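Residue numbers (the numbering used here), protein chains in the order written: chain L, 14 to 307; chain R, 14 to 307.
It is worth saying that the hints were derived from the structure and are not from the lab. Bear in mind the structure is a predicted one, so any value in this text is a computation, not a measurement. Careful, some of the hints might be misleading.
A pair holds if it fits inside one copy or across any two, identical chains being indistinguishable in the list.
List time: in silico DSBU-like cross-link candidates among lysine-lysine, alpha-carbon distance up to 35 angstroms [unchecked claim]:
1. LYS141 to LYS237
2. LYS99 to LYS168
3. LYS115 to LYS237
4. LYS168 to LYS35
5. LYS213 to LYS101
6. LYS35 to LYS287
7. LYS237 to LYS168
8. LYS213 to LYS287
9. LYS160 to LYS237
10. LYS287 to LYS237
11. LYS237 to LYS251
12. LYS251 to LYS299
13. LYS115 to LYS160
14. LYS101 to LYS35
15. LYS115 to LYS213
16. LYS168 to LYS213
Given next are the chains, with one letter for each unit.
Protein chains: 2
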Amino acid sequence: MANIGFIGLGIMGTPMAGNLIKGGHTVFTHTRGEIPAVLLEAGARPCASGAEVARQADIVITMVPDTPHVEDVLFKPDGVAAGLSKGKLVVDMSSISPVATKDFARRINALGCEYLDAPVSGGEVGAKAATLTIMVGGSEAAFDKMKPIFELMGKNITLVGGNGDGQITKVANQIIVALNIEAVGEALLLAAKAGADPAKVRQALMGGFANSRILEVHGERMVKRSFDPGFRIELHQKDLNLALTTARQLGVSLPNTATAQELFNACAAHGGAKWDHSGMVRALEKMANFEIGQ
Amino acid sequence: MANIGFIGLGIMGTPMAGNLIKGGHTVFTHTRGEIPAVLLEAGARPCASGAEVARQADIVITMVPDTPHVEDVLFKPDGVAAGLSKGKLVVDMSSISPVATKDFARRINALGCEYLDAPVSGGEVGAKAATLTIMVGGSEAAFDKMKPIFELMGKNITLVGGNGDGQITKVANQIIVALNIEAVGEALLLAAKAGADPAKVRQALMGGFANSRILEVHGERMVKRSFDPGFRIELHQKDLNLALTTARQLGVSLPNTATAQELFNACAAHGGAKWDHSGMVRALEKMANFEIGQ
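For reference, chain L alone in the conformation it holds in the complex:
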């Protein structure tokens, strides 16, 4: 059993850390706020700083909202890096910039420590049920060391390549999911406006090359007008911002990702920041002055 540091006790981090404790590991943590009672009762050990977490633990996991938070947690004066010693392992499970990740990994490596980027998909439900998909970038040795620990949090765990490759895979995933939602939205809206029954059209499409998990799950949400999250539009906006920022840094043009982000912005303008991301179809519906199921 390992001594594991865990920083970032939000909606995702709290059940993930809980699953590590349930798995028999000792979990050290630090937070600016309060440590959730459920974790304290389970035996989580509070520390005075990120540096203290890194001194107590052999593996330090971070699960925070965005790139600047990871940089802060790792590299501020009393942050994780200040407490690391040779041979320790830093595992960032946040969804952040693939470009910044390569820099963070180099700075951690310079301290004689390994770094893995290991963003997840599957949301709060997957975090609680320990069924997260985990996309990993880093060395095979570090991956092998973490694998039994990842398995306490997730199910579909892949080492994609070196540092940053886990993060870029997460970005690629969010691009495809957003654009496939947009595609299903355009298709079902056009069919509905032409007078067809969108439920029957969806059913017919599921037999062919248009089929996807998005057509099955999000297509059904569009037909049934079921836009309670699920995965909130404001979170997908963050992910597409990451995609578009990364694309700009790398010199890649992502025309349909850009449009999808604008459609999410339009949803937010209509009070939809907390709708399920399948609600993107509503931005298309506003333009068409028509709703599926009307």
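Mind docking chain R on chain L? Use the hints.
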């Protein structure tokens, strides 16, 4: 066994008509060009005009390139309509305008005849193997009458709704397929330019919500640089033109379909009209000045 008229003996129509003859039906046909030898040898019966086909047959199938060809075949002076009598059935298996289809159906109905729109997907391979997907619009009675005949040509046969609903389902299918190809292209290109191995990224994505038949089949084509058709860009351009024209007629905005069409246009500008449609990624690659697998 029925007397079936079949007009449109192209790449798709020839094997489809052949399968009807193999199934024991008598096939009457008319073409401005030459009737393929393979059909004459199998017993196809040439007629002097579309009107003559309609007089000889109880069911008349059309399988021609686009909306104006269907209108011409049905309604020119010696066309199909001129030879129809009450109780006959017209089945248009071409992929054409859903809006025009409703008009054609009304004009055929006015002659006391039923009309089905029944576009297919599955291409030449599906036509030869009798594994086409057939999306049908029209009455249940006409569908039931045609079903055993459809089953000689296809496998996944769905009555979606009334006239036009088969065509709009085909259009919806082609929108989703094009936009999912575009999505996979944006995602894999960004990942590759970031330095990740696109084959491994694709593999990792196949476990989650980004998965689709397009990621499996067309994603693999992008990684392996295998752009021999398959389904040609110039054919998908025709389908997206139908989508965009229909959208304009109905007052629906399809922003990503419009962009996908422009990307196909860019491929055509680089000599790619006959590439497989997964070659759409090459238009994105031109913009990024970078190729997947580079």
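Status of each hint after checking the structure:
{"no.": "1", "hint": "LYS141 to LYS237", "in the structure": "within (27 angstroms within a copy, 38 angstroms between copies)"}
{"no.": "2", "hint": "LYS99 to LYS168", "in the structure": "within (30 angstroms within a copy, 62 angstroms between copies)"}
{"no.": "3", "hint": "LYS115 to LYS237", "in the structure": "between (43 angstroms within a copy, 27 angstroms between copies)"}
{"no.": "4", "hint": "LYS168 to LYS35", "in the structure": "within (16 angstroms within a copy, 50 angstroms between copies)"}
{"no.": "5", "hint": "LYS213 to LYS101", "in the structure": "between (55 angstroms within a copy, 27 angstroms between copies)"}
{"no.": "6", "hint": "LYS35 to LYS287", "in the structure": "within (32 angstroms within a copy, 57 angstroms between copies)"}
{"no.": "7", "hint": "LYS237 to LYS168", "in the structure": "both (30 angstroms within a copy, 28 angstroms between copies)"}
{"no.": "8", "hint": "LYS213 to LYS287", "in the structure": "both (28 angstroms within a copy, 33 angstroms between copies)"}
{"no.": "9", "hint": "LYS160 to LYS237", "in the structure": "between (40 angstroms within a copy, 30 angstroms between copies)"}
{"no.": "10", "hint": "LYS287 to LYS237", "in the structure": "within (18 angstroms within a copy, 40 angstroms between copies)"}
{"no.": "11", "hint": "LYS237 to LYS251", "in the structure": "both (26 angstroms within a copy, 32 angstroms between copies)"}
{"no.": "12", "hint": "LYS251 to LYS299", "in the structure": "both (23 angstroms within a copy, 27 angstroms between copies)"}
{"no.": "13", "hint": "LYS115 to LYS160", "in the structure": "within (21 angstroms within a copy, 59 angstroms between copies)"}
{"no.": "14", "hint": "LYS101 to LYS35", "in the structure": "within (22 angstroms within a copy, 71 angstroms between copies)"}
{"no.": "15", "hint": "LYS115 to LYS213", "in the structure": "between (47 angstroms within a copy, 18 angstroms between copies)"}
{"no.": "16", "hint": "LYS168 to LYS213", "in the structure": "both (34 angstroms within a copy, 18 angstroms between copies)"}
Checked against the numbered hints given earlier, this structure breaks none of them.
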